[in-house]
Amino acid sequence: MAAILSLHEAVKQFIQDGDTVALEGFTHLIPTAAGHEIIRQGKRDLTLVRMTPDLIYDQLIGAGCARKLIFSWGGNPGVGSLHRLRDAVEKQWPQPLEIEEHSHADLANAYVAGASGLPFAVLRAYAGSDLPKVNPLIKSVTCPFTGEVLAAVPSVRPDVTVIHAQKADRKGNVLLWGILGVQKEAALAAKRCIVTVEEIVDDLNAPMNACVLPTWALSAVCLVPGGAHPSYAHGYYERDNRFYQAWDPIARNRESFTAWIDTYIRGTADFNEFQAKLASTAEAAQ
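FYI, in our numbering the residues of the sequence shown are 1 to 286.
Simulated from the structure, these hints should not be mistaken for lab results. A few of these clues could be false.
[Claimed, not checked] Cross-link-like lysine-lysine pairs, in silico, BS3-like; alpha carbons within 27 Å at most:
#, residue 1, residue 2
1, Lys91, Lys171
2, Lys139, Lys171
3, Lys171, Lys191
4, Lys191, Lys139
5, Lys171, Lys68
6, Lys139, Lys277
7, Lys277, Lys12
8, Lys68, Lys91
9, Lys91, Lys12
10, Lys12, Lys139
11, Lys12, Lys133
12, Lys184, Lys171
13, Lys133, Lys91
14, Lys12, Lys171
15, Lys139, Lys68
[Stated by the list, open to error] Now the in silico label distances, taken between C-beta atoms and shown as ranges:
#, residue 1, residue 2, range
16, Ala206, Gly267, 36 to 42 Å
17, Asp262, Ala210, 20 to 26 Å
18, Leu150, Ala210, 44 to 50 Å
19, Pro119, Leu223, 45 to 51 Å
20, Lys12, Asp202, 24 to 30 Å
21, Thr146, Ala259, 20 to 26 Å
22, Arg254, Phe145, 35 to 41 Å
23, Leu137, Asp240, 33 to 39 Å
Predicted model, so just to flag it, every value in this text is computed and none were measured. Glycine is no exception: its CB is placed at the ideal position from the N, C-alpha and C atoms.
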């Protein structure tokens, strides 16, 4: 059953150096606050998994938390490259980063296979693609019924999945809605799962066909209002487009990146203090 914990305690208890960690969220509900806490606690040698790594993975990689990235697209959406990711791959700063690249369909199916307890996923894909040339884990299998040749990839079974959601009840059941991506599958594929939420309520009042993750499938629920910023949480706040734009010049330079991490993440006690410092800086600049 999921324990209701502080984010600091959940990361300390459930994420260990060397773990495979998936921080999932697609367009919205990106678990930014949890990523910051991983940096604060100095977790190291992590294998990070995500279909669409963006700013929080740029921060985790630049802060030296990652040794490997399993992904299917990476970038600052609507802006450009992830400069800390590129620096790690191209120039091994702050340390070398191994990459394992997949397609969206591939990685989504790999999560589904992991959630289903299967060793690999099968999909009709990669015809004409060069990805199998750079990723030896993309194999082929022949259907025993039709003789059709299909692609096969290892299932994704993280040690820990971290997601952000809108609500949890006091028993640790979680409700999320809007664009879901693969949060449900990533949560069910993992050995342990941490969920940060906007609020904890007495009753979820979940509508028909809503996505509810049961408490028995989760390890910890953490109350972190605003914890998806700068992405949005449907029904709570909008996407902070200015932050995505502002991140590009910060991340381009090692010194400006390190100063930002030291000031806003390592230099704050938690996500609430991070938000307050960010708001204070923005107000002073006006």
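Checked hints:
Straight-line distance between C-alpha atoms of Lys91 and Lys171 comes to about 47 Å, which puts the hinted pair past the 27 Å bound. Between Lys139 and Lys171, the direct Cα distance comes to roughly 42 Å. Violation of the 27 Å bound is thereby established for this hinted pair. With a C-alpha separation of about 20 Å, the suggested pair Lys171 and Lys191 falls inside the 27 Å cut-off, and the hint holds. Using a Cα cut-off of 27 Å, the hinted pair Lys191 and Lys139 holds, with the two alpha carbons roughly 25 Å apart.
Taking the CA atoms of Lys171 and Lys68, the gap is near 35 Å; set against the 27 Å cutoff, the hint is violated. For the hint pairing Lys139 with Lys277, the CA-to-CA distance comes to about 48 Å; that exceeds 27 Å, so the pair is violated. For the suggested pair Lys277 and Lys12, the alpha carbons sit about 24 Å apart, so the restraint of at most 27 Å is met. As the CA atoms of Lys68 and Lys91 are separated by approximately 15 Å, the hinted pair is consistent with the 27 Å bound.
For the given pair, Lys91 sits about 31 Å from Lys12 by alpha-carbon distance, which is inconsistent with the 27 Å threshold. With a CA separation close to 37 Å, the supplied pair Lys12 and Lys139 exceeds the 27 Å bound. Taken as a hint, the Lys12 and Lys133 pair is broken in the structure, with Cα atoms around 39 Å apart against an allowance of 27 Å. Restraint check for Lys184 and Lys171: the C-alpha separation of about 18 Å stays at or below 27 Å, so the hint holds.
Between Lys133 and Lys91 the CA atoms are separated by roughly 23 Å; this keeps the pair inside 27 Å, and the hint holds. A threshold of 27 Å between alpha carbons decides the hint, and for Lys12 with Lys171 the separation of about 21 Å falls inside it, so the pair holds. Restraint check for Lys139 and Lys68: satisfied, since their Cα atoms lie roughly 20 Å apart, inside the 27 Å limit. The given range of 36 to 42 Å is respected by Ala206 and Gly267, whose C-beta atoms sit roughly 39 Å from each other.
One distance hint, 20 to 26 Å for the beta-carbon pair Asp262 and Ala210, is violated here, with the actual separation near 41 Å. Hint check: Leu150 to Ala210, Cβ distance near 33 Å, so the stated range 44 to 50 Å is violated. Hint check: Pro119 to Leu223, Cβ distance near 37 Å, so the stated range 45 to 51 Å is violated. At about 28 Å, the beta-carbon gap between Lys12 and Asp202 stays in the expected band of 24 to 30 Å.
For the pair Thr146 and Ala259, the beta carbons lie near 58 Å from each other, so the given range of 20 to 26 Å is not met. At roughly 54 Å, the beta carbons of Arg254 and Phe145 sit outside the given window of 35 to 41 Å. About 36 Å separates the C-beta atoms of Leu137 and Asp240, a value consistent with the hinted range of 33 to 39 Å.
The structure shown violates the earlier hints numbered 1, 2, 5, 6, 9, 10, 11, 17, 18, 19, 21, 22.
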